[in-house]
Amino acid sequence: MLDVEQLLERMTEDLRELTRARGLEVFHPVGIRTGGVWIARELRRRLGIEAECGELDIAFYRDDFSRIGLHPRVRPSWLPFETEGFHLLLVDDVIMSGRTIRAAMNELFDYGRPESITLATLIDLGRRELPIQPDVTGSRLELESGQRVKLQGPEPLELAIEEVSHG
Amino acid sequence: MTWRIDHIFPVEGGKVPQEPTSVLVDDGVISAIGGSAEGAEADQVTDGQQQWLMPGLIDLNCHLREPGPDRKGSIATETLAAARGGVTRVCTVPDTSPVNDSGAVTHLIQDLARRNGRVRVHPVGAMTRGLAGEHLSDMASLAGAGCVAMGNAGYATQNARVMRRCMAYARTFDLKLFIQPENPALAADGCAHDGVMAARLGLPGIPEVAETTAVNELLMLGAETEVRLHLGPLSCARSLDLVRAARESGQAVTCEVGITHLVATEGSIDGYEGIFHCRPPLRTEVDRQALLEGVESGVIDAIVSQHRPTDRAAKQAPFADTEPGLSTVESLLSLGLRLVSEGALSRERLLAALTSGPARILDQAPPSLEAGSPADFFLLTPGQSWNVEPESLLSSGAHAPTLGAELPGVVTLTALGGRVVYQA
Amino acid sequence: MGESNASLQLTPDGNLRHFLSIDGLDRAMLTRILDTADSFIEVGERSIKKVPLLRGRTVVNLFFEPSTRTRSTFELAAKRLSADVLNLDIGTSATSKGETLSDTLLNLRAMASDMFVIRHAQSGAPHFIARSVTPDVAIINAGDGRHAHPTQAMLDMLTIRQHKQTFAGLRVAIVGDIQHSRVARSQIRALNTLGVDEVRLVAPYTLLPNRPEVLGARVFSRMEDGLKGVDVVIMLRLQRERMEGALLPSESEFYRMYGLTEEKLRHAAPDALVMHPGPINRGVEIESSVADGPQSVILGQVTNGIAIRMAVMSMAMSGQLGDRQSEQGEGVQAS
Numbered sequence: 001m002l003d004v005e006q007l008l009e010r011m012t013e014d015l016r017e018l019t020r021a022r023g024l025e026v027f028h029p030v031g032i033r034t035g036g037v038w039i040a041r042e043l044r045r046r047l048g049i050e051a052e053c054g055e056l057d058i059a060f061y062r063d064d065f066s067r068i069g070l071h072p073r074v075r076p077s078w079l080p081f082e083t084e085g086f087h088l089l090l091v092d093d094v095i096m097s098g099r100t101i102r103a104a105m106n107e108l109f110d111y112g113r114p115e116s117i118t119l120a121t122l123i124d125l126g127r128r129e130l131p132i133q134p135d136v137t138g139s140r141l142e143l144e145s146g147q148r149v150k151l152q153g154p155e156p157l158e159l160a161i162e163e164v165s166h167g
Numbered sequence: 168m169t170w171r172i173d174h175i176f177p178v179e180g181g182k183v184p185q186e187p188t189s190v191l192v193d194d195g196v197i198s199a200i201g202g203s204a205e206g207a208e209a210d211q212v213t214d215g216q217q218q219w220l221m222p223g224l225i226d227l228n229c230h231l232r233e234p235g236p237d238r239k240g241s242i243a244t245e246t247l248a249a250a251r252g253g254v255t256r257v258c259t260v261p262d263t264s265p266v267n268d269s270g271a272v273t274h275l276i277q278d279l280a281r282r283n284g285r286v287r288v289h290p291v292g293a294m295t296r297g298l299a300g301e302h303l304s305d306m307a308s309l310a311g312a313g314c315v316a317m318g319n320a321g322y323a324t325q326n327a328r329v330m331r332r333c334m335a336y337a338r339t340f341d342l343k344l345f346i347q348p349e350n351p352a353l354a355a356d357g358c359a360h361d362g363v364m365a366a367r368l369g370l371p372g373i374p375e376v377a378e379t380t381a382v383n384e385l386l387m388l389g390a391e392t393e394v395r396l397h398l399g400p401l402s403c404a405r406s407l408d409l410v411r412a413a414r415e416s417g418q419a420v421t422c423e424v425g426i427t428h429l430v431a432t433e434g435s436i437d438g439y440e441g442i443f444h445c446r447p448p449l450r451t452e453v454d455r456q457a458l459l460e461g462v463e464s465g466v467i468d469a470i471v472s473q474h475r476p477t478d479r480a481a482k483q484a485p486f487a488d489t490e491p492g493l494s495t496v497e498s499l500l501s502l503g504l505r506l507v508s509e510g511a512l513s514r515e516r517l518l519a520a521l522t523s524g525p526a527r528i529l530d531q532a533p534p535s536l537e538a539g540s541p542a543d544f545f546l547l548t549p550g551q552s553w554n555v556e557p558e559s560l561l562s563s564g565a566h567a568p569t570l571g572a573e574l575p576g577v578v579t580l581t582a583l584g585g586r587v588v589y590q591a
Numbered sequence: 592m593g594e595s596n597a598s599l600q601l602t603p604d605g606n607l608r609h610f611l612s613i614d615g616l617d618r619a620m621l622t623r624i625l626d627t628a629d630s631f632i633e634v635g636e637r638s639i640k641k642v643p644l645l646r647g648r649t650v651v652n653l654f655f656e657p658s659t660r661t662r663s664t665f666e667l668a669a670k671r672l673s674a675d676v677l678n679l680d681i682g683t684s685a686t687s688k689g690e691t692l693s694d695t696l697l698n699l700r701a702m703a704s705d706m707f708v709i710r711h712a713q714s715g716a717p718h719f720i721a722r723s724v725t726p727d728v729a730i731i732n733a734g735d736g737r738h739a740h741p742t743q744a745m746l747d748m749l750t751i752r753q754h755k756q757t758f759a760g761l762r763v764a765i766v767g768d769i770q771h772s773r774v775a776r777s778q779i780r781a782l783n784t785l786g787v788d789e790v791r792l793v794a795p796y797t798l799l800p801n802r803p804e805v806l807g808a809r810v811f812s813r814m815e816d817g818l819k820g821v822d823v824v825i826m827l828r829l830q831r832e833r834m835e836g837a838l839l840p841s842e843s844e845f846y847r848m849y850g851l852t853e854e855k856l857r858h859a860a861p862d863a864l865v866m867h868p869g870p871i872n873r874g875v876e877i878e879s880s881v882a883d884g885p886q887s888v889i890l891g892q893v894t895n896g897i898a899i900r901m902a903v904m905s906m907a908m909s910g911q912l913g914d915r916q917s918e919q920g921e922g923v924q925a926s
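Residue numbers (the numbering used here), protein chains in the order written: chain A, 1 to 167; chain B, 168 to 591; chain C, 592 to 926.
In isolation and in its complexed conformation, chain A is listed as follows (with noise of 0.2 Å):
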């Protein structure tokens, strides 16, 4: 199974890299709810950035609300900071079609014009229907069909993965 410690690793590897390559100094930290946010407070730490890790929670922003509807457990987003001019970190536990990060973006924007947007997930599982691929990624993994992998945490933080019950 895979090691979360090992990928953060990478990741907060990657990352630091990444910046000096493209010269940012700072790096404002959001999650997705709810893994996303854990892997953002997380790869905050150990990257030392000082600002708080803002929270997004994307119900209101889905493309299948006319599939599935509203989530019932909607919670307000909270960014403690301005986007407007900021370099922000989007992080998210996993990707996959790409919506829940088109999602994010959107509700990013609502919320001021960021200087840019740096996305980093912990697994990547391909399967892209949208043109939007992470900067940086812990691994990438193949699923069987049938099956999906989940992030438990916060403490400590797992990656399990499940077969999912067809009804």
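No wet-lab data here; the hints were simulated from the structure. Any given hint could turn out to be false.
Result set (DSBU-like, lysine-lysine): computed pairs, CA atoms no more than 35 Å apart in a straight line [to be verified]:
(1) Lys640/C / Lys670/C
(2) Lys640/C / Lys150/A
(3) Lys755/C / Lys641/C
(4) Lys819/C / Lys150/A
(5) Lys670/C / Lys641/C
(6) Lys755/C / Lys670/C
From the derived model, a few chain A residues whose C-beta atoms are all more than 10 Å from chain C [what the hints assert, rightly or not]:
(7) Gly23
(8) Glu52
(9) Arg67
(10) Val74
(11) Glu107
Chain A stretches covered by chain C per the calculated footprint, using a threshold of three residues with CB under 8 Å from any CB of chain C [what the hints assert, rightly or not]:
(12) 9 to 21
(13) 24 to 37
This structure is a prediction, so every number in the text was calculated from the model and none was measured. Glycine included, C-beta positions come from ideal geometry on N, C-alpha and C.
For this one, chain A is given, so just place chains B and C on it according to the hints.
Below, chains B and C alone, put in the same frame as chain A:
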């Protein structure tokens, strides 16, 4: 022309005989019943198939909706519905359009009834002109044209003085007054019993006192003018107390209750069920029990259908905007029989309140199966039940109080003067 | 009561389909509405106060009774959800031409709208519409007759929760014209469902329903008794026409007996909240110094009003869509 029906149980006064027998009809009149009818010569013979043979019922309060807007009902449709309910005499409420406040309208109703009617139609004349509660109608002429009583059809008079004069004038000609008591100022814009449901649903209420103060006033005026007074439909327990006390003091007063008020309460309007929009409004379970007890004890002389069919559109609106009234003449007897089977009412009192009680109020001979009586009767399969559905009702109004319910007692044949007017 | 309202307002799996009255909704549902509204308050604080939830949906504001204020908040809420909004002030014009409510609604159906927000002078009009005319359109009650004004009541609940955190243990007094108030009926129900300790009604008997106790509240005739120790005072708006129907003698006597003055407010708990749906009749229901005082939340309710309406609209639309889906037999799978 003679007609014999075999294998029937004649049911009068609530008792069912042990053995089946026969009835013989000759020229529209029952000529023999029981042993003397069995095996008698007849032009036509019907197998009664062990059903009950019962004398036709009387309904003192029935809206036939003619003359009036076509879509609400007609004498043809509503008297057929009555025949299906075992009812062979109906009193029509004068709030037709035009109002039955002249001999011409009375004659029109009678002509239509002769041509299209299935049962005997007895018009009630309007007590005031146009039912406006202001000027006396030509009561004596209306009676001369055939009106069996004068009524207010639920419309109040402008004030007590007009009512007192209606009573005094009616008394001059010994006319009976059919009055539905309601104090208009207290009922105001109400549309439901001013109780639990009205409070919750936010509907303007009609308080109990809108009826009781009116009953009280009518009894006082009636006692003074010595008019023959018939009150109803009554809806609450306290009204009965007042009528009972007046009777005990010797006043000539009778009263009626609508079948819907015996089977339903204010709870029925939950969810804004416009079907149960009634006037007087459906009240509490305590009131319902008192009304049942009133029928049982005889304070209430008659159970009426208060049949008031209406088109679908009139019930398709927010509650207060719906038209009050239900289609009930078809289910009148079955609903009564269900009350009997529930133990809420004795069969004897139910049938009295549908036959001899109303006949006495009309000064008519009670419906009877005795030899010499008109052959107004019906056959009933007591053990069978029927489903009340909008499509299965013969009335133009599909708003019965028990839509979807299964009711006991199926009328299979109704005869009027020996002629079959309804057959299932 | 509760049961028939529940079956009409909820989808088979317990989601909101219509929002007609507080009756029939349980504490979990009311709490969900408040929580969702909290999230929308946050949206209102962003530079772009709009989310794409109802993009491509059409909301029709159907007002049979004029009310600029309520209509504006519904309109703003719908627009912040990215819906297309159509305002129809029907008034009495259509019905006076002999067009029935059913006819009006049939005509509107041709517009293929997804939601009706309804204000009507008759109690039960939104129920009637939800039940018989438009099975595939979500209905939101924006006030019907004397019956209910559930979004107004929920915004008041949101305000109370913001100030008092929890409903448990609260004593709430509602003062004024209970009998003619759809807001009061909805508030009483919501407060009881959310589990307050006690709801009190303070009013003369002419402004109370015949059986006030069935609403789930204790009745007080005197302000001094009714306000004793309460945590929240809700003042209702008094309509001028009440003086004409022999319900009240005069505004001045009403103010003397039931107007909220600083002196009367002293009977309530020291940190009691004073609420009023507005617009205020100063000197009739409430003293100016109380209305403008530190305990008053009369003006802070607009934000909550929009958030509650956004919450209810998005939840009802979501339930309605989910329901359409399940009727078509397509499985709904959460991702």
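Right, here's what the structure says about each hint:
Proximity of lysine 640/C to lysine 670/C is assessed by CA-CA distance (about 10 Å); at most 35 Å being required, the pair is judged to hold. For the proposed pair lysine 640/C and lysine 150/A, the alpha carbon gap of about 33 Å is at most 35 Å, so the pair holds. Simply put, lysine 755/C and lysine 641/C have alpha-carbon atoms about 29 Å apart, close enough for the 35 Å limit, and the pair holds. For the hint pairing lysine 819/C with lysine 150/A, the CA-to-CA distance comes to about 54 Å; that exceeds 35 Å, so the pair is violated.
A distance of roughly 7 Å separates the Cα atoms of lysine 670/C and lysine 641/C; the hinted pair therefore holds under the 35 Å criterion. Of the pairs offered as hints, the one joining lysine 755/C and lysine 670/C holds, with about 30 Å between alpha carbons and a cut-off of 35 Å not exceeded. The claim that glycine 23/A is not at the interface with chain C holds, since no C-beta of that chain comes within 10 Å of its own (minimum 28 Å). With a minimum CB-CB distance of about 16 Å to chain C, glutamate 52/A clears the 10 Å threshold, and the non-interface call stands.
Non-interface status of arginine 67/A relative to chain C is broken: a Cβ of that chain comes within 10 Å, the nearest being about 7 Å off. Not every CB of chain C lies more than 10 Å from the CB of valine 74/A, the least distance being 5 Å, so the non-interface label is violated. With a least CB separation of 8 Å from chain C, glutamate 107/A falls inside the 10 Å interface cut-off, contrary to its annotation. Coverage of the segment 9 to 21 of chain A by chain C is violated. Counting CB-CB distances below 8 Å, 0 residues qualify, and the rule asks for three or more.
For a cut-off of 8 Å, the count of residues in the segment 24 to 37 of chain A with a CB near a CB of chain C stands at 0, and the three-residue condition is violated.
Against the hints set out earlier in the document, violations occur for numbers 4, 9, 10, 11, 12 and 13.
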